[in-house]
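Residues per chain are reported as follows:
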Amino acid sequence: MSGEIEKQGFDTGFRAINPFTNQPVPVWIANFVLGEYGTGAVMAVPAHDQRDFEFARKFNLPIRVVITPDGKPLPADTLSEAAEAYGTLVDSGEYSGLPSAEAQKRMVASARARGLGEATVQYRLKDWGISRQRYWGTPIPMIYCDRDGIVPVPDDQLPVVLPNVAQFSGRGDSPLAQVPEFVNVRCPKCGGPARRETDTMDTFVDSSWYFYRFVDPRNDGHAFDPAAAKYWLPVDFYVGGVEHAILHLIYSRFFARVFRDLGMVDHDEPFAHLLTQGMVLKDGAVMSKSKGNVVDPDEMMQKYGADALRLYVLFVAPPEKEVEWTDAGLEGSFRFLARVWRVVDHWCETVGGEGVDAAGAFSALTAAERALRRKTHETIRRVTADIEERQQLNTAVSAMMELVNELYAFSDQTAIGAPGRRADEDVERVGVMERRETICVVREAIEALVRMLAPFAPHTAEEMWQQLDHATDLSAASWPAYDPEVARAEEIVVPVQVNGKVRSRLTVPAEVSEQELERLALADPAVQTYTTGKTVKKVVVARGRLVSLVVQ
Amino acid sequence: MEYRPQDLDRKWQQRWASSRAFEVEVDPSRPKFYCLEMFAYPSGHAHMGHVRNYSIGDVLARMKRMRGYNVLHPFGWDAFGLPAENAAIKGGLHPEASTRGNIAHMKGQLQRLGISYAWERELATCDAEYYKWNQWLFIRMFEKGLAYRRRSSVNWCPSCQTVLANEQVVDGGCWRCGTPVETRDLEQWFFRITAYADELLAGAETLTRWPDKVLTMQRNWIGRSEGARVQFPLEPGSGIRDPPSKSSPRASIPSMVRRSCCWRRSTRLSPAWRRGRRIRRRSGSRCRPSVRRTGRHG
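Protein chains in written order, with numbering that gives the first Met the number 0: chain D, 0 to 551; chain U, 0 to 297.
Calculated from the structure, these hints are not laboratory results.
All values derive from a computational prediction rather than experimental measurement.
Here a beta-carbon is modelled for each residue, glycine too, at the ideal position from N, C-alpha and C.
Among the hints, erroneous ones may be present.
[As the list claims (entries may be wrong)] Incomplete in silico selection of chain U near chain D, CB under 7 angstroms:
hint	residue
1	32
2	36
3	104
4	123
5	131
[Said to hold, decoys possible] Capping the alpha-carbon separation at 20 angstroms, the derived lysine to any residue pairs in SDA-like fashion look like this:
hint	chain 1	residue 1	chain 2	residue 2
6	U	212	D	229
7	D	288	U	46
8	D	320	U	20
9	U	106	D	294
10	U	131	D	294
11	D	229	U	29
Just need the whole structure built from these sequences, with the hints factored in.
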């Protein structure tokens, strides 16, 4: 973190006595020791702490190895860096030979017994100072009375409303201190003259609990209804920038526990799942006005529509990675949506509505129809998992692109054909009838595609859904169901002959390669009965039909 | 029919709003899904980072809705803060006016993006109906001893003219403007977050769906270490005898060190030093190598 600060030191000339060895230790002032941490003084162990090691080397201070991996002494000048691992103590008097952890316990016990010290736990974390000498924040609801001291504003007098301030000077004291009507107040206890607190709260207070207010945002009697919080919380999916890793995200976890201890929520952790998205860069840098590399979302939406912009930022990379903006990428997303649009537009008259009864239609499919169905269900499986389990939204889009390619290739082999033919050709095809099976398979593919596209490109998807003759909106439709039976690669049975006689049958995927078939045939136990101890002279693979072995 | 998305955007955004498509109520008969993107500081204009953030959230929200979940997907505004006030100091609009204007503009942008928010739940932290509950909570914390006031040396940003929490000091500079941070003595209110330090650490172990990087940063920030506080007597007669030579220029000693040890007055070192200052001996701090340890920078 601040490891780059050059270590500096000053020898006080004092020497302290190490109570465990009774040997003198030089006392230095150093800039890498935190003044507010503990007493502000630490016992340096240069052989076993890298920062102390660097300091000792720089100022030529003695380095003593007191821990080694095997308990054998080690000269300090062999060290090129601190040996920070636990091990066995050496050169440590009565503690030599003990494992580090055991030595710690005994040394603490000894210090305590001799009245020299005790075990302590230290935190780097400090209490959170929330006073700000600023105007634009929440007034701190406290009153100072000469008689009663610090008195909270009574609950029935909340909120303490931020008064209007006309002039902002920018001086270091609180702007509210310049509003006498605000400052001067009666003490709620004694009724005497008193003064309001004029600082406002750190705005991180505001953002540490807003997710609770959302469950019941108009409640004017309570911060929120605990029953509503019990139903909605914790947040199931929280997305934001990693720059909030230790500010907002630690304060919110603190406030969750405060609300818990007030009996208002029943959980400890407010955010079950956190995703920190990467930044959007342009020319390798964060977009900023001063750098002149800002891409305006409104301009892009006017040019390409909201959906192309959304799809682009989702497709360009996994959500947690940084991305480099390119106009070409956005255009690519636009072209993909237009391609989906055309294939849906092309088929919607034929497959839309309930004109064709799907019952039983999937029982007598051609190989091509079966392949498209398989692709549809495989895509549903992939997109569902990519969103729900892995949040790899970019690969979800890739999967949908593959399905669109298959739809185009399939369409090309049908009577209606693929979109993009010349208009007169389309006219010639008016009245062309498709097989019922084809219509059902295409409808299934298109409707699944449109539904899966809805979270990414909702406007385009809604319009296509309507074109497909659905009376209800897509936003109220359900997610496509995945059928593992359909998605499973088709299997075929291949007979294996040995010297002209069928000795076994292999069940394999339809797309199996010749090499794989040969390997499977030779590994088959039934086949091996006839090949063991003999030489396989020849293997003939007729893919999809037969494997023939000649043995001697 | 040609693909003309601009017409579709408007049509469907109006339709979703009029059908209140994304407004939800508590419904114990259905599984819930609370999808949240970090609410926005109303700077004035949505940028591509916002677009990306909200598009990611919207995919989850819309998908889960289609999966049958009762999805809460709200949005609001982290509306208080320095930029609006600084603009007013430079002669710009009153913070209230600029903030409200910025919110209206950015809300329009997000609506044009078609994010499926339950806009009826929109809130802004500068609404008195919201910050009233900041105040209410502050008083509860005061009653429980979790909010307290003390005079303390605080981090001060001379450019922003305000105090910064430790968390807001990044590499010695202000998290917002980078100006080197100074210290000042002021009466300040504090929240006793340290009372929950161990709990925050233990809780981090349960956050299995958080990025490791964030958890590591939080553990380091809390920075728990076990050690011992041990008294070291001073060796009698030791101490500064010789003034530093001219070859050790004073300017090379950082200001922090100069303040805590003024060697020109070496004969009047603070009583703590003469008594034999209690020196902490760190022992058990090596148990978690990824954690920043004990009392040192770097």
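Now the hints, each set against the structure:
1. Below 7 angstroms, beta-carbon pairs count as interface contacts, and residue 32/U has one with chain D at about 5 angstroms; its hint therefore holds.
2. A least Cβ separation of about 5 angstroms between residue 36/U and chain D falls short of the 7 angstroms threshold, and the interface hint therefore holds.
3. At a threshold of 7 angstroms, the smallest CB-CB gap from residue 104/U to chain D is about 10 angstroms, leaving the interface hint violated.
4. A distance limit of 7 angstroms between C-beta atoms decides the matter here; for residue 123/U the minimum to chain D is near 10 angstroms, and the interface restraint is violated.
5. Checking residue 131/U against chain D: minimum C-beta separation of about 3 angstroms stays under 7 angstroms; hint holds.
6. As the CA atoms of residue 212/U and residue 229/D are separated by approximately 29 angstroms, the hinted pair breaks the 20 angstroms bound.
7. Between residue 288/D and residue 46/U the alpha-carbon distance is near 11 angstroms, which keeps this suggested pair within the 20 angstroms criterion.
8. Restraint check: the Cα-Cα separation between residue 320/D and residue 20/U comes to about 32 angstroms, which exceeds 20 angstroms; the hinted pair is violated.
9. Note on residue 106/U and residue 294/D: the hinted pairing holds, with a Cα-Cα distance of about 18 angstroms set against a maximum of 20 angstroms.
10. As the CA atoms of residue 131/U and residue 294/D are separated by approximately 38 angstroms, the hinted pair breaks the 20 angstroms bound.
11. The hinted pair formed by residue 229/D and residue 29/U meets the criterion: a straight-line CA distance of about 14 angstroms does not exceed 20 angstroms.
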